[in-house]
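Asker: Position chain B relative to chain A; hints supplied.
One line per chain: the protein sequences are A and B, in this order.
Take this note's numbering: the last position of the first sequence gets the number 190, and nothing is skipped along the way.
Take this note's numbering: the last position of the second sequence gets the number 380, and nothing is skipped along the way.
Think of the hints as simulated: they come from the structure by calculation, not from any bench.
Fair warning: this is a prediction, and the values are worked out from it, not measured in the lab.
The C-beta atom is built at its ideal place from N, Cα and C for all residues, glycine as well.
Treat the hints with caution; some may be incorrect.
[As the list claims (entries may be wrong)] DSBU-like mimics (lysine-lysine), calculated; alpha carbons at most 35 angstroms apart, straight line:
1) B:Lys317 to B:Lys282
2) B:Lys261 to A:Lys9
3) A:Lys162 to A:Lys4
4) B:Lys306 to A:Lys162
5) A:Lys167 to B:Lys306
[Stated by the list, open to error] Not everything, but these chain B residues come out facing chain A in the computed CB check (under 7 angstroms):
6) Ser287
7) Ile294
8) Ser298
9) Ile316
10) Ile365
11) Asp374
12) Ile377
[As the list claims (entries may be wrong)] Computed Cβ-Cβ distance ranges for the label pairs, DEER-style:
13) A:Asp184 to B:Asp324: 23 to 33 angstroms
14) A:Asp174 to B:Arg233: 23 to 33 angstroms
15) A:Pro182 to B:Asp324: 21 to 31 angstroms
16) B:Leu260 to A:Glu160: 39 to 49 angstroms
There are 2 protein chains.
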Amino acid sequence: MTLKDLVYKTRSYRRFNESHHIDTEVLRGLIDLARMSASAANRQPLKYLIFNTHDFCEKVFTSVAWAGYLKEWNGPAPGERPSAYIIILGDKSIAESFSVDHGIAAQSIMLGATEKELGGCMIASIKREALRNDLNIPEKYEILLVLALGKPAETVVTDEIKENNVKYWRDAGDIHHVPKRPLDELIIKV
Amino acid sequence: MTLKDLVYKTRSYRRFNESHHIDTEVLRGLIDLARMSASAANRQPLKYLIFNTHDFCEKVFTSVAWAGYLKEWNGPAPGERPSAYIIILGDKSIAESFSVDHGIAAQSIMLGATEKELGGCMIASIKREALRNDLNIPEKYEILLVLALGKPAETVVTDEIKENNVKYWRDAGDIHHVPKRPLDELIIKV
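If we strip away everything but chain A, and leave its shape as in the complex, we get (with noise of 0.2 angstroms):
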């Protein structure tokens, strides 16, 4: 597959086959794609969490924030929930800040999803202290993303933006739509 094709295929996906286990080794694999992409300054500062099992998975559920826009949809069901998660932690031990190395690594994970035919979602609205609680994380590490995973069971596509509206929405036949913005408005002159 051409880096286009996954880019393209790389949509943020919502509904899982929950059924679906993630192996561990699946997961690893994923994080090893993050720890070899760059870093600011090389400081490396990042470090995961991984949950590929029912009852830790349903603990992280409850902490994140599911479709702001999709105002009458509470997130997904139970069989239709991520069946792994990822959580990107900040050592600050090893750094005050982590600059935009979580993003970084969040979209070398997420391409590595899609090559291994799953799918998921990169979560920053996260109850941060609940979540702490829950897996008695340290006070060493900054809760930096949540990137749920699973074996996606909706269909997602996108548009060209209308009247600057960024909103995503589900039609009427369930299918997410979402508008993006066309490549000569991105690429400005000065």
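Answerer: Frame of chain A; chain B shown alone:
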């Protein structure tokens, strides 16, 4: 090429064959990869400047810092400088902050560059006001990252980190070494 091969090959390069011209269409294709990558709340607030001519590249060159750990090296000499730059801007009329959107975008772009047999370096250490003045970048755009691009003309290898020393270095044969933390150090248990 598998994604793993692509990620492993995507090292930070700082010396190039400057005579290698990078077409505008190639740069637009890289930005299209960023365009189709994830954006917080789908706001898509990033804008991009492209430069692939000598005079403009020299302007950008003077405003970025090179290889902080190589104290005796002032950056690439004429002839080995980047032949293109992409500057990632945050459009403050769209969003107040940019989360890790620019990290996600930069990783898509750098992976795309590798696929095109190019390479480069993400640079956040930027003389922002000088760059803004030299290029007449309006105040509405925050200068987030500079991506230097070119045809790599150096060898970069990764080594396992020793004694927690993250500083990259050059050996007597002018090979650039980057210490990387092992996977088992990054995946923690709580």
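Asker: For every hint, state whether the structure bears it out.
Answerer: Hint check:
Straight-line distance between C-alpha atoms of lysine 317 (chain B) and lysine 282 (chain B) comes to about 19 angstroms, which keeps the hinted pair within the 35 angstroms bound. For the hint pairing lysine 261 (chain B) with lysine 9 (chain A), the CA-to-CA distance comes to about 42 angstroms; that exceeds 35 angstroms, so the pair is violated. Note on lysine 162 (chain A) and lysine 4 (chain A): the hinted pairing holds, with a Cα-Cα distance of about 24 angstroms set against a maximum of 35 angstroms. The suggested pairing of lysine 306 (chain B) with lysine 162 (chain A) holds, with an alpha-carbon distance near 32 angstroms, which does not exceed 35 angstroms.
With a CA separation close to 33 angstroms, the supplied pair lysine 167 (chain A) and lysine 306 (chain B) stays within the 35 angstroms bound. Annotation: serine 287 (chain B) was flagged as interfacial toward chain A, and the flag is violated, the nearest CB pair being 11 angstroms apart, outside 7 angstroms. About 4 angstroms separates the beta-carbon of isoleucine 294 (chain B) from the nearest beta-carbon of chain A, less than 7 angstroms, and the hint is met. Checking serine 298 (chain B) against chain A by beta carbon gives a least distance of about 6 angstroms; that is within 7 angstroms, so the hint holds.
Checking isoleucine 316 (chain B) against chain A by beta carbon gives a least distance of about 13 angstroms; that is not within 7 angstroms, so the hint is violated. Contact between isoleucine 365 (chain B) and chain A, as hinted, is not supported at the beta carbon level, the nearest pair being about 16 angstroms apart and thus beyond 7 angstroms. Below 7 angstroms, beta-carbon pairs count as interface contacts, and aspartate 374 (chain B) has none with chain A, the closest being about 9 angstroms; its hint is therefore violated. At its closest, the beta carbon of isoleucine 377 (chain B) sits 5 angstroms from a beta carbon of chain A; the interface hint therefore holds under the 7 angstroms criterion.
The given range of 23 to 33 angstroms is respected by aspartate 184 (chain A) and aspartate 324 (chain B), whose C-beta atoms sit roughly 25 angstroms from each other. A hinted range of 23 to 33 angstroms for the beta carbons of aspartate 174 (chain A) and arginine 233 (chain B) is consistent with their spacing of about 24 angstroms. The supplied range of 21 to 31 angstroms is met by proline 182 (chain A) and aspartate 324 (chain B), whose beta-carbon atoms lie about 28 angstroms from each other. Range check, leucine 260 (chain B) to glutamate 160 (chain A): Cβ separation about 45 angstroms, and the 39 to 49 angstroms hint holds.
Checked against the numbered hints above, the structure breaks hints 2, 6, 9, 10 and 11 and satisfies the rest.
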